[in-house]
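Between the sequences and the hints, there should be enough to build the whole structure, so can you do that?
Residue numbers (mature numbering (1 follows the signal peptide of the UniProt record, and there is no 0)): -20 to -1, 1 to 182.
These are computed hints drawn from the structure, not numbers from a lab. Quantities reported herein were computed from a predicted structural model and do not represent experimental measurements. From the three backbone atoms N, C-alpha and C, an ideal C-beta is built for every residue, glycine too.
Computed list of lysine-lysine pairs in DSS-like fashion (alpha-carbon distance at most 27 Å, straight line):
no.: 1; residue 1: LYS29; residue 2: LYS52
no.: 2; residue 1: LYS145; residue 2: LYS111
no.: 3; residue 1: LYS163; residue 2: LYS148
no.: 4; residue 1: LYS51; residue 2: LYS29
no.: 5; residue 1: LYS148; residue 2: LYS111
no.: 6; residue 1: LYS63; residue 2: LYS51
Per label pair, the in silico range of CB-to-CB distance:
no.: 7; residue 1: ASN62; residue 2: PRO177; range: 24 to 30 Å
no.: 8; residue 1: GLU153; residue 2: GLY17; range: 27 to 33 Å
no.: 9; residue 1: LYS29; residue 2: GLN102; range: 22 to 28 Å
no.: 10; residue 1: ILE173; residue 2: CYS126; range: 19 to 25 Å
no.: 11; residue 1: TYR20; residue 2: ASN118; range: 44 to 50 Å
no.: 12; residue 1: LEU144; residue 2: TYR50; range: 53 to 59 Å
no.: 13; residue 1: ASP150; residue 2: THR58; range: 48 to 54 Å
no.: 14; residue 1: GLU96; residue 2: ASP149; range: 51 to 57 Å
no.: 15; residue 1: GLU161; residue 2: LEU60; range: 54 to 60 Å
no.: 16; residue 1: THR133; residue 2: LYS63; range: 30 to 36 Å
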Amino acid sequence: MMLRKMAAATIFYLVLHLQAYKTTEMDSSQVNGMVYGTVYLNPQPPVLKTYNQITWQFNKTQKILTKERYKKVVFFNTSLENKLHYYENHTLEINQLQKQDSSTYLLVVEDSQGRESTSFIQLSVYEPVPKPSVNATNTNKKNGLCTATLECTVDATPVTYKWLKDGKDDVGENTGKLNVELKSDSNASYECIVSNPRKTQP
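See the structure below:
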């Protein structure tokens, strides 16, 4: 009987022990960068000073660096040392961005009790937006009205479109085409503005 109680107590202790060391997942954040630019991946909330070890990971599987308390940073790939910079507040700076740097970055923090918490940062790297071109098609004059379809094209994806009339009025939807109608004796100018999360190009 005594052995059964001891076994039950041991199992109960193990369950509590395992629950105490579960990994906590925190909310993710979004960071946008541009090719050849620089971004800073800043962990939120800030890491407590009583941490035991932190690890930055790329794409959830590849370890970038690890930092134990009171010790120097260790890079898992020494070729990345010129591209990356680690700050004492655990921010990760990435230089000379390339599109293949787009991924989910993880910061795994182990506290002094061995418990882990993980924060996620989604990095998206975009190409600079080139200057768009605008052409008028399907032009027609009838009954004192001039109609046309304006087509805005740009060699980049993904992008959003915005149309301005006379430099101020926001007309049209998020599309590369705009149907316009004017009286034959009136004048108006239309401008297509193309943007991605990091750059705008009129």
